[in-house]
Amino acid sequence: GAVVSQHPSRVICKSGTSVKIECRSLDFQATTMFWYRQFPKQSLMLMATSNEGSKATYEQGVEKDKFLINHASLTLSTLTVTSAHPEDSSFYICSASDSGGRGEQFFGPGTRLTVL
Amino acid sequence: LAKTTQPISMDSYEGQEVNITCSHNNIATNDYITWYQQFPSQGPRFIIQGYKTKVTNEVASLFIPADRKSSTLSLPRVSLSDTAVYYCLVGEPGGYQKVTFGTGTKLQVIP
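As they're listed, the protein sequences go chains X and D. My numbering applies: residue 1 is where the first sequence begins, and numbers increase by one. My numbering applies: residue 1 is where the second sequence begins, and numbers increase by one.
Worth flagging that the hints you see were computed from the coordinates, not collected in a lab. All of these numbers come straight from a predicted model, not from anything done at the bench. From the three backbone atoms N, C-alpha and C, an ideal C-beta is built for every residue, glycine too. Hints should not be assumed to be uniformly reliable.
To be verified - Cβ-to-Cβ under 10 Å is the rule here; a few derived chain X residues that face chain D:
hint, residue
1, 34
2, 42
3, 43
4, 45
5, 46
6, 64
7, 66
8, 89
9, 93
10, 106
11, 107
As the list claims (entries may be wrong) - DSS-like mimics (lysine-lysine), calculated; alpha carbons at most 30 Å apart, straight line:
hint, chain 1, residue 1, chain 2, residue 2
12, D, 98, D, 52
13, X, 64, D, 52
14, D, 3, X, 66
15, D, 52, X, 66
16, X, 64, D, 69
17, D, 52, D, 69
18, D, 106, X, 41
19, D, 52, X, 20
Model the full structure from these sequences, guided by the hints.
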């Protein structure tokens, strides 16, 4: 199946700094990617829909100025957590769909963010 | 987006067949049912997808009754490595539609 990668897999940062997470579709093009956040022992929560060449669509309650999303190419979307705080510590997962496939979403391996 | 309801957790012994049922009473005509598996600290992995009746692949079967208001994921002869959280999702295929994850079912396989 199609492969989605994320980088970094794990990041630790100080409070107040910004962190960028990359999501790449390795062997297919994705006009749409999704970003999720998952807290320990909880389900995935959709944060935003990333659209290539246009602004992301954020879910209710997600601060667009804090979680900056850029989808500059058909294989790359980035999520920047600005001025991170300890409560932003979470597991961030992206997904993308291969339009030529069966339509299922392929998920990245996730990025573990720890804000000290 | 159709809401799904699953049991929070299930236990099973190795070698047994496991059936996890998902309720989706307000499923729409164009919606498909998709199941994902997630191990700790990993992204979800696609297991199976179906629209009606029965679908089978190399790892699981999916049973969907005629009214489509529920579905059952069947895992034959589970092993310890099948311990994971299983999510049932309902939505239109194509990948461009956002999906909402429910609570999922934590399956614990016991030796």
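- Hint by hint, which ones does this structure get wrong, listed from lowest number up? Those not satisfied are hints 6, 7, 8, 13, 15, 16, 19.
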